[in-house]
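Those sequence lines, one after another, are chains A and B. Numbering-wise, this note's numbering puts 143 at position 143 of the first sequence, and it's gapless, one number per residue. In short: position in the second sequence from 1, add 170, done, that's this note's numbering.
Just so you know, not all the hints are guaranteed correct.
[Unchecked claim] Pairs of lysine-lysine, DSS-like flavour, derived with a Cα cap of 27 Å:
no.: 1; chain 1: B; residue 1: Lys-172; chain 2: A; residue 2: Lys-150
no.: 2; chain 1: B; residue 1: Lys-376; chain 2: A; residue 2: Lys-32
no.: 3; chain 1: B; residue 1: Lys-469; chain 2: A; residue 2: Lys-32
no.: 4; chain 1: A; residue 1: Lys-136; chain 2: B; residue 2: Lys-449
no.: 5; chain 1: A; residue 1: Lys-136; chain 2: B; residue 2: Lys-172
no.: 6; chain 1: B; residue 1: Lys-404; chain 2: A; residue 2: Lys-136
no.: 7; chain 1: B; residue 1: Lys-172; chain 2: A; residue 2: Lys-32
[Claimed, not checked] From chain B, some residues computed to sit far from chain A (all C-beta separations above 10 Å):
no.: 8; residue: Asp-349
no.: 9; residue: Gly-377
no.: 10; residue: Ala-456
no.: 11; residue: Lys-595
no.: 12; residue: Lys-764
no.: 13; residue: Asp-791
[Stated by the list, open to error] Examples of chain A residues lying across from chain B (beta carbon under 7 Å, computed):
no.: 14; residue: Leu-23
no.: 15; residue: Leu-52
no.: 16; residue: Ile-56
no.: 17; residue: Cys-94
no.: 18; residue: Trp-96
no.: 19; residue: Ala-148
What the hints contain is simulated information worked out from the structure, not anything from laboratory work. Because the structure is a prediction, the values reported are computed rather than measured. Ideal Cβ positions, reconstructed from N, Cα and C, are used throughout, including at glycine.
As a plain string of letters, each chain reads:
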Amino acid sequence: MATSTSKYEYIVCDPAACIGCQLCEYVCSYTKTGEYNSYRSRIRVVRMDEVLISAIACRTCENAPCVVVCPRDALTQDSESGIIRVDSTKCDGCAWCIEACDFGAISINPATKLAEICDQCETVEGGPQCVLWCPKEALTLTNPDRQAQKTRRDLIKDSLEFPTKTKDPR
Amino acid sequence: MKGYSGKILHIDLKTRKTRVEEKPEEWYKLWIGGVSMASRLCWENIVPGCDPYSPENPVCIANGIFAGTPVPVGGKFGLASKSPLTGFLGDSLSGSWFSIALKRAGWDGVVLHNSSDTWVNVFIDDDRVDFLDATYLLGKGTFQTEEAIREKLGDDQVRSCTIGVCGEHMVRYANVTNDGRQAGRTGHGAVWASKKLKALSVRGTKGVTVADPKKLMELSFHISKEAQGKYTEKYRIYGTTTNMLDMDKIGLLPTRNYQDGTFEHVNLVSGQYLDAHHKVKVIACAQCPIACEQMSIVKTGPFAGAMTGVEYESLQANSSNLGISDMRACIQLLEIADHDGMDSMSMGVTISYAMECYEKGVLKKEDFACKQFPEGIEMNFGNGEAAVTLAKMIRDREGIGDLLAEGTRIACKKIDAERGTESWKWAMNIKGLECPGYDARALKTFSVGLATGTRGGCHNRSAAYDPDIKGEVNRFTIDETRGKVAAESEEYAAVYDTLPLCKFIRRCFTGKADRAGAWPAIAELINATTGWDFGYDDVDLIGIRAHTIKKAFNIREGWTATDDDLPWRWKNEPFTKGASAGYTVSDEELAYLKDIYYQAKGWTKDGLIPSDLLIKLGMPDVAEQIGVKGE
Chain A
1 MATSTSKYEY
11 IVCDPAACIG
21 CQLCEYVCSY
31 TKTGEYNSYR
41 SRIRVVRMDE
51 VLISAIACRT
61 CENAPCVVVC
71 PRDALTQDSE
81 SGIIRVDSTK
91 CDGCAWCIEA
101 CDFGAISINP
111 ATKLAEICDQ
121 CETVEGGPQC
131 VLWCPKEALT
141 LTNPDRQAQK
151 TRRDLIKDSL
161 EFPTKTKDPR
Chain B
171 MKGYSGKILH
181 IDLKTRKTRV
191 EEKPEEWYKL
201 WIGGVSMASR
211 LCWENIVPGC
221 DPYSPENPVC
231 IANGIFAGTP
241 VPVGGKFGLA
251 SKSPLTGFLG
261 DSLSGSWFSI
271 ALKRAGWDGV
281 VLHNSSDTWV
291 NVFIDDDRVD
301 FLDATYLLGK
311 GTFQTEEAIR
321 EKLGDDQVRS
331 CTIGVCGEHM
341 VRYANVTNDG
351 RQAGRTGHGA
361 VWASKKLKAL
371 SVRGTKGVTV
381 ADPKKLMELS
391 FHISKEAQGK
401 YTEKYRIYGT
411 TTNMLDMDKI
421 GLLPTRNYQD
431 GTFEHVNLVS
441 GQYLDAHHKV
451 KVIACAQCPI
461 ACEQMSIVKT
471 GPFAGAMTGV
481 EYESLQANSS
491 NLGISDMRAC
501 IQLLEIADHD
511 GMDSMSMGVT
521 ISYAMECYEK
531 GVLKKEDFAC
541 KQFPEGIEMN
551 FGNGEAAVTL
561 AKMIRDREGI
571 GDLLAEGTRI
581 ACKKIDAERG
591 TESWKWAMNI
601 KGLECPGYDA
611 RALKTFSVGL
621 ATGTRGGCHN
631 RSAAYDPDIK
641 GEVNRFTIDE
651 TRGKVAAESE
661 EYAAVYDTLP
671 LCKFIRRCFT
681 GKADRAGAWP
691 AIAELINATT
701 GWDFGYDDVD
711 LIGIRAHTIK
721 KAFNIREGWT
731 ATDDDLPWRW
741 KNEPFTKGAS
751 AGYTVSDEEL
761 AYLKDIYYQA
771 KGWTKDGLIP
781 SDLLIKLGMP
791 DVAEQIGVKG
801 E
């Protein structure tokens with residue numbers, strides 16, 4: 001069972017809201033490479049069947065297994081943001097990090113054959129571009145606390161009547 | 171050249187050889203992509219006069235100019251061949267990841283020639299083409315086939331166009347599916363089956379680049395955000411199914427095989443009912459920020475578990491049109507159509523034809539005998555279970571399903587010849603393609619758009635129902651302006667079908683969907699993608715050329731003005747109730763409408779295209795073959 005023990009922020013997708021358009025993949029690959037190419041995207045849309053759709057990017061695990069497992073110490077984790085950086089001079093594309101990742105959030109760039117991981121667009125103005133573009137606001141940059149709060153709020157909203165005082169007086 | 175690779179891939183299914191054709195930039199400026207380029211590839215590659223099921227009828231695929239970029243709703247491709255239903259050009263569109271994979275593989279178009287001797291899954295792997303054995307895929311549904319191919323090739327990013335069991339059985343209105351979307355109409359699935367082509371798969375790993383990416387990102391971002399607002403509200407909330415109540419209100423909702431224009435149980439088969447009782451989720455085509463597909467499931471009754479996407483055209487053809495008020499039966503019917511791969515519209519209208527035959531005594535209970543019901547079926551309107559059984563019989567070509575799998579035009583001919591009946595009067599097709607969910611008796615501008623339509627009874631190519639329904643013209647009467655209105659509306663639609671962009675985005679550029687509102691914005695998108703210098707007039711010409719090449723193809727196949735006709739019922743039987751009661755499109759009215767339509771197009775009074783017009787549009791080779799002297 002995949003578990004994230006993150007205390008950091010990461011990008012999540014709400015599968016109920018995701019429509020599977022894949023715009024996030026184009027925007028990600030464009031931001032990182034200047035090309036549109038799903039194979040170069042660091043967020044990936046998964047379509048299990050016609051209605052089971054979601055997207056996955058790096059979850060910034062605490063003590064990230066990908067970092068621990070890298071035999072060439074090419075991967076490092078930022079202690080402030082939890083973002084995992086790949087040193088392209090050290091990475092040789094062995095893909096051990098991919099095996100270590102519970103979320104399938106790492107990919108090998110087909111051109112350079114090196115590992116690529118979501119960095120939440122840390123150097124891009126406006127932050128994560130996939131979040132900015134997602135037409136259905138299915139993607140959010142969150143952390144476990146905020147995510148839990150949102151889930152609780154959604155639960156209450158769905159299961160209870162809206163309070164009377166905010167109802168239209170007519 | 172930016173935005174294009176400049177390369178068309180020709181694949182010979184018999185010799186299993188491939189050839190790359192390089193096209194000059196000027197060719198792309200004329201044909202752009204989608205329906206227009208696919209139709210042009212048909213013009214260049216199909217042997218005139220060929221049998222649609224013969225090796226001489228290649229499958230022509232043309233990608234979209236915006237496929238694989240973030241341009242909203244631009245992930246589409248065009249698919250064309252000679253249609254086995256109409257004998258004329260069959261051109262379809264599909265929104266899909268297939269188009270994006272094809273773009274990344276570096277092909278602007280694919281032409282599949284000849285016929286394979288054994289069932290084949292053609293796999294385009296970037297530059298390489300493999301001919302994979304497809305025997306293990308036979309009998310599988312459309313989505314199942316895609317999944318099986320992905321599993322076998324071990325890559326989720328492999329995208330396939332497939333045919334289902336209906337295609338394998340060469341149901342004449344079988345379709346081609348990809349990722350739950352269909353190149354739905356005119357029988358492509360049957361053409362693919364005639365070539366023993368079960369699936370065409372693509373893996374594209376190369377990046378897509380454009381001329382001015384910064385500009386394209388800005389434009390796309392704006393459109394994508396606009397598409398979350400009021401301009402697409404209808405599509406986002408109920409999808410097109412909201413039309414059920416609207417069409418019923420104006421008395422033009424096809425009911426019981428177009429005998430009525432209002433349905434007494436419409437509230438049980440409306441988009442609103444679907445939303446409240448059956449909707450699971452909305453999903454999008456590739457690259458689409460709108461998401462109109464209403465994925466719906468049956469929870470109770472004999473069809474529990476059936477699930478598929480529901481939209482207006484499929485819904486009306488299989489609910490009110492069959493007199494069925496049980497949404498669960500409709501969803502089951504649509505699941506059969508989508509999963510097994512046939513056009514849900516032609517299927518619904520063929521079943522409604524059979525139901526009317528039954529109610530009028532032309533077909534008897536025993537005519538519907540099958541393994542499950544050896545004594546036959548009472549095929550009354552409203553009988554959902556009977557309709558579901560008949561759909562399966564059509565799919566399997568069992569019993570009378572074998573004849574009904576040929577479509578209404580061929581079926582009525584055979585039935586009438588054998589039984590001395592006149593069921594052709596309620597065989598609701600135009601040029602062999604079954605009619606859409608807009609009854610044209612009181613949509614007089616649309617009636618000429620439908621009658622003259624190059625692919626037959628289709629609501630997507632002529633958009634003239636729009637001015638009729640919106641009240642921009644009086645839909646109950648005719649006047650001298652209608653030829654121009656009909657011509658302009660189909661040329662307008664052809665621009666979208668050629669880029670292709672889904673028409674649902676049409677108001678999101680500037681808030682106005684007309685040419686002045688949309689063309690400059692579309693020109694900007696084209697220029698940012700290709701680096702060209704397109705303006706308003708260039709965009710306008712895209713649609714005119716697209717429509718002209720389709721018409722030219724039909725003329726080369728022997729089209730004459732008598733082919734531009736309407737079903738007998740629309741010309742002779744007015745509705746007796748509802749807001750459109752009392753109207754027909756008489757033969758005289760139709761003849762007049764055709765006249766002024768041909769005139770508006772700049773054609774001769776026989777509907778042929780003058781050579782100088784073709785030359786002016788950049789098609790001297792077409793002029794040489796089918797051009798006539800102007801009048």
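### Query
Taking only the CA atoms, is the gap from B:Lys-172 to A:Lys-150 under or equal to 27 Å?
It is violated: about 44 Å lies between the C-alpha atoms, which goes past 27 Å.
### Task
Hey, is B:Lys-595 genuinely clear of chain A, shortest beta carbon separation above 10 Å?
Check passes; 39 Å lies beyond 10 Å.
### Task
Take a quick look at B:Ala-456 and tell me if its Cβ sits farther than 10 Å from every Cβ on chain A, holds or violated.
violated (6 Å)
### Query
Regarding the pair B:Lys-172 and A:Lys-32, is the alpha-carbon distance no greater than 27 Å?
This hinted pair holds, its Cα atoms lying about 20 Å apart.
### Task
Tell me if A:Trp-96 is really an interface residue toward chain B, meaning its C-beta lies closer than 7 Å to one of theirs.
Result: violated, 20 Å to nearest chain B Cβ.
### Query
For B:Asp-791, which was marked as not at the interface, is the minimum beta-carbon distance to chain A over 10 Å?
About 35 Å separates B:Asp-791 from the closest Cβ of chain A, which puts it past 10 Å; holds.
### Query
Taking only the CA atoms, is the gap from A:Lys-136 to B:Lys-449 under or equal to 27 Å?
Measuring from Cα to Cα gives roughly 18 Å; hence the hint holds.
### Task
For the pair we were handed, B:Lys-376 and A:Lys-32, check the Cα-Cα distance against 27 Å.
Answer holds: B:Lys-376 to A:Lys-32 is near 15 Å, not above 27 Å.
### Query
Are the Cα positions of B:Lys-404 and A:Lys-136 separated by 27 Å at most?
holds (16 Å)
### Query
Regarding the assertion that B:Asp-349 does not contact chain A, is the least Cβ-Cβ distance greater than 10 Å?
violated (8 Å)
### Query
Holds or violated: B:Lys-469 with A:Lys-32, Cα cutoff 27 Å?
Between B:Lys-469 and A:Lys-32 the Cα gap is close to 45 Å, so the pair fails against 27 Å, i.e. violated.
### A:Ile-56 as chain B interface residue, shortest Cβ-Cβ below 7 Å
violated (12 Å)
Of the numbered hints listed earlier, those contradicted by the structure are 1, 3, 5, 8, 9, 10, 15, 16, 17, 18 and 19.
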